[in-house]
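Plus 403 on top of the position in the sequence shown (first one is 1) and you've got our numbering.
Hints in this document: simulated from the structure, not taken from any laboratory. Just so you know, even glycine gets a beta-carbon here, dropped at the ideal spot from N, CA and C. Honestly, I wouldn't trust all of these hints.
Here are the simulated distance ranges between beta carbons [unchecked claim]: (1) SER455 / PRO550: 34 to 40 Å; (2) LEU609 / GLU532: 19 to 25 Å; (3) LEU490 / LYS516: 17 to 23 Å.
Under the rule of at most 25 Å between Cα atoms (straight-line distance), these lysine-lysine pairs were calculated in the BS3-like manner [to be verified]: (4) LYS424 / LYS665; (5) LYS496 / LYS452; (6) LYS407 / LYS424; (7) LYS559 / LYS616; (8) LYS501 / LYS424; (9) LYS525 / LYS597; (10) LYS525 / LYS501; (11) LYS616 / LYS569; (12) LYS407 / LYS525; (13) LYS597 / LYS616; (14) LYS565 / LYS597; (15) LYS616 / LYS565; (16) LYS516 / LYS559; (17) LYS452 / LYS407; (18) LYS565 / LYS673; (19) LYS501 / LYS569; (20) LYS597 / LYS516; (21) LYS407 / LYS597; (22) LYS452 / LYS501; (23) LYS673 / LYS559; (24) LYS559 / LYS569; (25) LYS616 / LYS673; (26) LYS597 / LYS496; (27) LYS424 / LYS569; (28) LYS665 / LYS597; (29) LYS569 / LYS597; (30) LYS424 / LYS445; (31) LYS424 / LYS597; (32) LYS665 / LYS407; (33) LYS665 / LYS616; (34) LYS559 / LYS407.
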Amino acid sequence: MPYKNIAVIGAGANIGSPIAKALLVEGANVIVVARAESTSAKDLPSEIKVVSVSLTDVSALAATFHEHDIEVVISTVSQDALPHQHLLGDAAKQAGVKLFVPSEYGASTIGLKEGELGLKAKFGEYLGEIGLPFARIFNGNFMTFIPWLLDVSSGKVRIIGKGDQKATFTHPDDIPGFVAYAVTHLSPSELENKFFRIAGEHATLLEVAGYYKNLPVEHVEAFEGPDGAFKTLLQQLVNSGQATVGYSAVEGKEFTSNALWKGHHWRGIKEGLGL
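Take these sequences, add in the hints, and give me the full structure.
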């Protein structure tokens, strides 16, 4: 195992805690840096040590990484902490961490400048600037968000625009498993300053709608309600062609890093959603 001592930043139920648990299964020594009030952290196995440290206190973070001989830091911070993620990088660099996996867990952010995705891209570039080796992992959309994204609870599959652009969908159980496998099985030369693209399935929203055989398709201009603006934004991202991690229209397939996880069965949309 090239890396044994690993710190996961954040204990969220969607990605942080699952990554920590997957690392434990792979035989790593794992600590989780989480907020004191985190409820997800309290549900972690006893073998995982939970440390409460401010994510903006570089000295305290560096001391924590040094105390536990941390070799890899995996960030899973959410949107509100993205502007401060560079402080995690500074602490990791100061502590001699060998590899940093920044918080991505979505579409490719390479070259983007605006919004949340722009912040992720900027931090990825920052790691290169300070000379801290990185592994950036893109997985597209969480497959289990599809029913929400398409508003199927309305009794219809609701799509903005034509719905004919390919998007990447990955099951949330496959994402932490790949992250854990990669950092515990791949060599440093295979990991350092590399970009990984994983996918359960690439499909257009119209193709996904076809899996809901009993629901009619309704084309809409926008979504309303409390989460309507965000849902609209995500579908517009799909329509722009930016919601795929590496689909080639010429080759007609997605270029991914899936094969690196040897022997793993990646779930497609029908299987992942039980359709």
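Verification of the supplied hints:
1. Evaluation of the 34 to 40 Å hint for SER455 and PRO550 yields a pass: the beta carbon distance comes to about 35 Å.
2. Judged by the Cβ atoms, the range 19 to 25 Å given for LEU609 and GLU532 is violated: they are separated by roughly 41 Å.
3. A hinted range of 17 to 23 Å for the beta carbons of LEU490 and LYS516 is consistent with their spacing of about 21 Å.
4. Between the alpha carbons of LYS424 and LYS665 the distance comes to roughly 19 Å, so the proposed pair stays at or under 25 Å and holds.
5. Taking the CA atoms of LYS496 and LYS452, the gap is near 22 Å; set against the 25 Å cutoff, the hint holds.
6. Our distance criterion of 25 Å between C-alpha atoms is met by LYS407 and LYS424, whose separation comes to about 14 Å.
7. Between LYS559 and LYS616 the CA atoms are separated by roughly 10 Å; this keeps the pair inside 25 Å, and the hint holds.
8. For the hint pairing LYS501 with LYS424, the CA-to-CA distance comes to about 21 Å; that is within 25 Å, so the pair holds.
9. A threshold of 25 Å between alpha carbons decides the hint, and for LYS525 with LYS597 the separation of about 16 Å falls inside it, so the pair holds.
10. A C-alpha spacing of about 20 Å is found between LYS525 and LYS501, which places the hinted pair at or below 25 Å, so the restraint holds.
11. Distance check on the hinted pair: LYS616 and LYS569 sit about 20 Å apart at the alpha-carbon level, within 25 Å; holds.
12. Taking the CA atoms of LYS407 and LYS525, the gap is near 28 Å; set against the 25 Å cutoff, the hint is violated.
13. Using a Cα cut-off of 25 Å, the hinted pair LYS597 and LYS616 is violated, with the two alpha carbons roughly 40 Å apart.
14. For the hint linking LYS565 to LYS597, the alpha-carbon distance of about 34 Å lies beyond 25 Å, and the restraint is violated.
15. Restraint check for LYS616 and LYS565: satisfied, since their Cα atoms lie roughly 18 Å apart, inside the 25 Å limit.
16. Between LYS516 and LYS559, the direct Cα distance comes to roughly 35 Å. Violation of the 25 Å bound is thereby established for this hinted pair.
17. Taking the CA atoms of LYS452 and LYS407, the gap is near 14 Å; set against the 25 Å cutoff, the hint holds.
18. Pair hint LYS565 plus LYS673 holds up; C-alpha atoms about 22 Å apart against a cutoff of 25 Å.
19. Taking the CA atoms of LYS501 and LYS569, the gap is near 36 Å; set against the 25 Å cutoff, the hint is violated.
20. As the CA atoms of LYS597 and LYS516 are separated by approximately 20 Å, the hinted pair is consistent with the 25 Å bound.
21. This hinted pair checks out: LYS407 and LYS597 have alpha carbons roughly 19 Å apart, not beyond 25 Å.
22. Annotation: proposed proximity of LYS452 to LYS501 holds, straight-line Cα distance about 20 Å (limit 25 Å).
23. Distance check on the hinted pair: LYS673 and LYS559 sit about 17 Å apart at the alpha-carbon level, within 25 Å; holds.
24. Restraint check for LYS559 and LYS569: the C-alpha separation of about 21 Å stays at or below 25 Å, so the hint holds.
25. Of the pairs offered as hints, the one joining LYS616 and LYS673 holds, with about 12 Å between alpha carbons and a cut-off of 25 Å not exceeded.
26. A distance of roughly 18 Å separates the Cα atoms of LYS597 and LYS496; the hinted pair therefore holds under the 25 Å criterion.
27. At roughly 32 Å between alpha-carbon atoms, LYS424 and LYS569 are farther apart than 25 Å, so this suggested pair is violated.
28. Of the supplied pair hints, the one linking LYS665 and LYS597 holds, its CA atoms being roughly 18 Å apart against a limit of 25 Å.
29. Taking the CA atoms of LYS569 and LYS597, the gap is about 24 Å. The hint holds against a cut of 25 Å.
30. Restraint check for LYS424 and LYS445: the C-alpha separation of about 13 Å stays at or below 25 Å, so the hint holds.
31. Only pairs whose Cα atoms come within 25 Å are accepted, and LYS424 paired with LYS597 is accepted, the gap being roughly 24 Å.
32. A C-alpha spacing of about 20 Å is found between LYS665 and LYS407, which places the hinted pair at or below 25 Å, so the restraint holds.
33. Between LYS665 and LYS616 the alpha-carbon distance is near 34 Å, which puts this suggested pair outside the 25 Å criterion.
34. Restraint check for LYS559 and LYS407: not satisfied, since their Cα atoms lie roughly 48 Å apart, outside the 25 Å limit.
Going down the numbered hints, you'll see the structure goes against 2, 12, 13, 14, 16, 19, 27, 33 and 34, while the others check out.
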